[in-house]
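> Sequence:
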Amino acid sequence: AINEAIRLGVQMVEFDVRSTRDSVLVIVHDTDLKRTTGINSKVNEITFEELRKLDAGLWKGNRYKGEIIPTLEEVLNIIPSNIWMNIHIKDEKETAINTAKVLKKRNQLSNTLLAVDGEAVDEIRMIDSTFKICCMDRKDSPKAYIEEAIRINADFIQLTEREFSLLNEIIPVLKSHNIKINFYFADDVEKAEHLFNSGVDFVLVNNVEKILPIVQNK
217 AINEAIRLGV QMVEFDVRST RDSVLVIVHD TDLKRTTGIN SKVNEITFEE
267 LRKLDAGLWK GNRYKGEIIP TLEEVLNIIP SNIWMNIHIK DEKETAINTA
317 KVLKKRNQLS NTLLAVDGEA VDEIRMIDST FKICCMDRKD SPKAYIEEAI
367 RINADFIQLT EREFSLLNEI IPVLKSHNIK INFYFADDVE KAEHLFNSGV
417 DFVLVNNVEK ILPIVQNK
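Add 216 to the 1-based position in the sequence shown for the working numbering, that's all there is to it.
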């Protein structure tokens, strides 16, 4: 999916990082592996060696049979420096810290944003103060979420349908604090166009080919 997104010319790719039982950083969306591999285990319950033996593609069809779950470093190796990496940390704080250390070691900070909750932010910035943080501590209301993003001096925020009707009110506040705005998600052309026209910087989509022309025409 990431290779195809790059081929199509996206501006940002989003992926989720989890840790195996032996602390290897891998790219997996779900907490458990049931949907994509048929194995009823959580990622952090099995070792990387065990994980690597699983078929993570067959559920999508025979065309994808034999697809393995990639490591963070394998994905970092294929993403060019002109494409943003929106990296969501799905596990505990340790996963966020270890991910930040890998990115620092590889000198891949300029096109990276780490989507984390507030608990990990200070330690990530201790590794390198130039890390770009996307505030994912969504709180119990849009107002509280915006305030939290401002409080931690976030570089990005990721709005959802919860904030959609409030965009005209929210976006000027975020822009005044130099916070870039992601929106999750839109696969409808009219909705995506509305989001971009409202001042959203990046829209997360499933159907890249359908939505990308909107960006290219601006």
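The set of hints was computed from the structure by calculation and includes no laboratory data.
Do not take every clue at face value.
No farther apart than 30 Å at their CA atoms in a straight line, the calculated lysine-lysine pairs in the DSS-like style are these [said to hold, decoys possible]: (1) Lys317 x Lys355; (2) Lys426 x Lys391; (3) Lys359 x Lys407; (4) Lys359 x Lys348; (5) Lys396 x Lys355.
Since the model is a prediction, treat every value here as computed from it, not as a measurement.
> A separate judgement is required for each hint: does it hold in the structure or not?
Verification of the hints:
1. Lys317 x Lys355: OK: Lys317 and Lys355 at ~27 Å, within 30 Å.
2. Lys426 x Lys391: holds (28 Å)
3. Lys359 x Lys407: holds (23 Å)
4. Lys359 x Lys348: holds (22 Å)
5. Lys396 x Lys355: Measuring from Cα to Cα gives roughly 19 Å; hence the hint holds.
When the structure is compared with the earlier hints, no violation turns up for any of them.
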